Amino acid sequence: MAPIIKTEQLTHIYSKGTPFEHLALDAVDFSAERGEFLGIIGQTGSGKSTLIQHLNGLLKPDSGRVLFEGQDIWQSKVFNNSVRFKVGLVFQYPEYQLFEETVFKDISFGPKNMGLKPAEIEERVYEAADFVGLGEDILKKSPFDLSGGERRRAAIAGVIAMRPEVLILDEPTAGLDPFGRMNLMKNIRNYHEKNGATVILVTHNMEEIAREADRMIVLSDGRISLSGTPEEIFARAEQLESMRLEVPDITKVFLELRRLGVNVPRSVYTIEQAKKAILNREGGSLFA
Amino acid sequence: MLKDITLGQYFPVDTPIHRLDPRVKLVLTVVFIVALFLAKWIYSYALMLAYVVVVTGLARIRPKALFKGLKPLIIIIFVTAVLNMLYTGGEPVLVIWKLRITEQGLYAAAFMVLRIMLLVCGTFLLTYTTSPIMLTDGMEALMKPLGLIKVPVHELAMMMSIALRFIPTLIEETDKIVSAQKARGADFSSGNIVRRAKALIPILVPLFVSAFRRADELAMAMECRCYHGGKGRTRLHMLSMHSRDAAAIFAGAAILAGTVVLRSYGL
Chain A
5 MAPIIKTEQL
15 THIYSKGTPF
25 EHLALDAVDF
35 SAERGEFLGI
45 IGQTGSGKST
55 LIQHLNGLLK
65 PDSGRVLFEG
75 QDIWQSKVFN
85 NSVRFKVGLV
95 FQYPEYQLFE
105 ETVFKDISFG
115 PKNMGLKPAE
125 IEERVYEAAD
135 FVGLGEDILK
145 KSPFDLSGGE
155 RRRAAIAGVI
165 AMRPEVLILD
175 EPTAGLDPFG
185 RMNLMKNIRN
195 YHEKNGATVI
205 LVTHNMEEIA
215 READRMIVLS
225 DGRISLSGTP
235 EEIFARAEQL
245 ESMRLEVPDI
255 TKVFLELRRL
265 GVNVPRSVYT
275 IEQAKKAILN
285 REGGSLFA
Chain B
50 MLKDITLGQY
60 FPVDTPIHRL
70 DPRVKLVLTV
80 VFIVALFLAK
90 WIYSYALMLA
100 YVVVVTGLAR
110 IRPKALFKGL
120 KPLIIIIFVT
130 AVLNMLYTGG
140 EPVLVIWKLR
150 ITEQGLYAAA
160 FMVLRIMLLV
170 CGTFLLTYTT
180 SPIMLTDGME
190 ALMKPLGLIK
200 VPVHELAMMM
210 SIALRFIPTL
220 IEETDKIVSA
230 QKARGADFSS
240 GNIVRRAKAL
250 IPILVPLFVS
260 AFRRADELAM
270 AMECRCYHGG
280 KGRTRLHMLS
290 MHSRDAAAIF
300 AGAAILAGTV
310 VLRSYGL
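These protein sequences, in sequence, are chains A and B.
5 is the number of the first residue of the first sequence in this note's numbering; add one for each residue after it.
50 is the number of the first residue of the second sequence in this note's numbering; add one for each residue after it.
Chain B extracted, bound-state conformation (with noise of 0.2 Å):
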């Protein structure tokens, strides 16, 4: 059940995306972020579709997994385009009692869908193809710089790799407590609010303890291993450029200058 969960998650298979250089990859993300927010127009939302399909089947990622990271957020979706559609000015074409829907409004709606959409699964490809410890390297060597002005960058790239390290691993810890809890017949899905929340106390308080374990634990053999921060570290892994990426950069570019060239049209 929680396993289910894909935010965030990597797939590790072997395809070009994957061997691209993590620093490439979180610029293009950017890149392509910018993009979207500058398209107005089918032509523009047509070129990032086709981008995220093109990258989508490059990584060999199945349009399934892509779909189930889009679940949790069709509430917030479904609000935005019943809004977008209800308060953007212009000819209406269907009243109802106080509300009117305007031709405008349904493009409008029917675009930020689809921003929404595209926005999500643009960085889902990232997370996807990128492996966690990948992602953190590359944000470390984007962020370098600010660490002329005293910004703690080896300290927060550690801290998020910690992070993201352990979140698989509470996961299957959480997955592990109710499990147990279960099996003494807990009962997490009846009764009304206070009595469901009141429900989580036997998971929660397990899993806090553990989580404080495991804190320990893991900054004991940090201790144990001489780690005393990013000052003078090496890495086994050097990140290097290859002339995929440079295609990708290039790619990039080409993007982001056909939906410049395409918004200056109004297209």
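Same shape as in the complex, but just chain A (with noise of 0.2 Å):
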């Protein structure tokens, strides 16, 4: 199957032609399937972020190409606009961006932009904030009055109301309590099936991919280092450690038991496996 999205050979430099000139991207070649949930770690400054925004066509790559269902989203102006529409980007802390008088308003902002009618928004509005699960009383207060968490989810339902076919969430629950958090990432799980949606994470929380992700990459001083399912790159721990990235707590815990002896499997990244690796061990033995 073709990706949905596609760069070739993305390079991107901030600051050209001063002293501050930094290359942010080099040469990446990045795909997403359609209908794939895909996560994105890589420590500050590696490019995740600069990444992204090529994605939808908010920033112009210094060379290589975008492509979106295999065309080159730079190729016309109406295009690239469209193109924003069709792949929703959600910036961190995204709730610095509301601005309406009311929830409402400002969730119908993306839709509104898109050209719909009246009726059309008031579904998709009502819908998007179904998927975030906020209240139709909460959807008249002003964005201002709501809590830090209703505020975030008001700000992604903002670009759900898009119903875009590829969503990318830059860390979307850095800085939420855990409740918040596991809320956060079921209404977006919820997103990705029910409509089929591509779902692109950006975050720096390994639990997190681990237990969504499909595939995963790793980017590192603007380069894609490593590419594969979570038990594909999980299992190369010393490699991340490198790379000053970390592996799911209880990776850790497991890769310890093994280095004391105990006979336990390498690839255990979810605390689901874990449970399983632990009650089917063989045997009663402790040390194999």
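If you are wondering where the hints come from, they were derived from the structure by calculation, not from laboratory data.
Be careful, since some hints might not be right.
Said to hold, decoys possible - Below, in silico cross-link-like pairs of lysine-lysine (BS3-like), each with a Cα-Cα straight-line distance of 27 Å or less:
(1) B:Lys247 - A:Lys145
(2) A:Lys144 - B:Lys247
(3) A:Lys64 - B:Lys280
Said to hold, decoys possible - Just some of the chain B residues that point at chain A, by a computed CB distance under 7 Å:
(4) Ala229
(5) Gly234
(6) Ala302
Since the structure is predicted, the reported quantities are computational estimates derived from the model, not experimental observations.
C-beta atoms are modelled at their ideal positions from N, C-alpha and C, and glycine is treated no differently.
Work from the hints to combine the two standalone chains into their complex.
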């Protein structure tokens, strides 16, 4: 199957021609399949944010191409604009972009820019609010009267209301409490499953990515250094650590157990798998 | 896009010009401006131009960066040139209908354009080579005597350094908000003036909210560190003069004297 979105030799340089010049992306070949849940990890400054801003045409490549369904997104202004609606991008701390008098109006900003009819807009706002679990009473409130978590969800609904085929989220759970994190991830998984949408999740939270992603890529210094299933990636704990990244805590526990001589599998990265691995351990003896 | 604004931006490089005492640089900039307005004829302008070229070279600033700073002024420069050309009396060299272009007018226009450009470049040299913190430290030191007549020098300097400090932060913030709204399909570049002004609301509201939030947080942080104004406050980096500063002052005095002499000969 052809990838829904893909980059070819994508290179981006910040502050070109000044002493601050910085190569953010270095000939990146990236692709995401239709309907997949893709995770992106990498330490701060590795180029994650720069990469995702190319995927919906906010940043223009210094060289290389970005293709949406096989077409160069910079081929025309009209196509570039339409890609913005098909590839929804939720920035870090998106709650700071809220501006309207009511949450309803704010969520309808995107659909309105798409030129939809009022009835359609209304339908989409309710649908999006439902996806992120915001009730009708909240839609009537001012976004500035909401709690931090509600505001975050309202902002994400503002992107979901455009019904993007690709939903990109940059650290959507940063700064939320554990309950808020869990809820939000559930909402995102919901959107992914119900709409068959491609989801690209950028995060520092390894547990999250281990639980959700079908496939993940690791960025370091503007290049894709690893790519594979979470199982494949987290099996390379040493290599990740050399890039100042971590494996999930549970994986660390299992690696340590192995080091102590306990017979447990290497590639355990969720609590579920850990439970299974321990219960299925052959025989009663602790040490193999 | 917004990051391309170089107005008042500091380029951190290690050169003799960057290392000069900010007080000296401030005084020299004022001296340069005075000298520039005393300049009368080609020779004095050549001296001014030489000063800018030499300092630019010593500070290893790319000429391109200076020209970029001039860009926003193109219209002003152009209008000044045209007005000077048309409204200076003297021998006409070219008459088109009622418009008389005189030789004197041409000279006046050329000098005026040169003067504006040098003025802007000369002051940019200061901000390009001096960090905002050093700049306000220098200003505070120079304005200290005003404290005697109850001018709150320290508070003014602190306000200024905070303002300068937050310009890049707010620009970055604006960039982020613009990107976020663009990602929701906001269009800032089409439609008539009313539509475009309206299109700014989704940027301005979050920007103001965040500016107030930042101000609040900063005030709290300063309070937590027991900030209580300038009284009895000591500095981590004391300003101190070196031989290179003496050399710079000497050069500045020489340029000023040179311009005055040239002026008295009408050069």
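- Task: Of all the hints given earlier, name the ones this structure violates by number, lowest first.
- Result: 3 and 6
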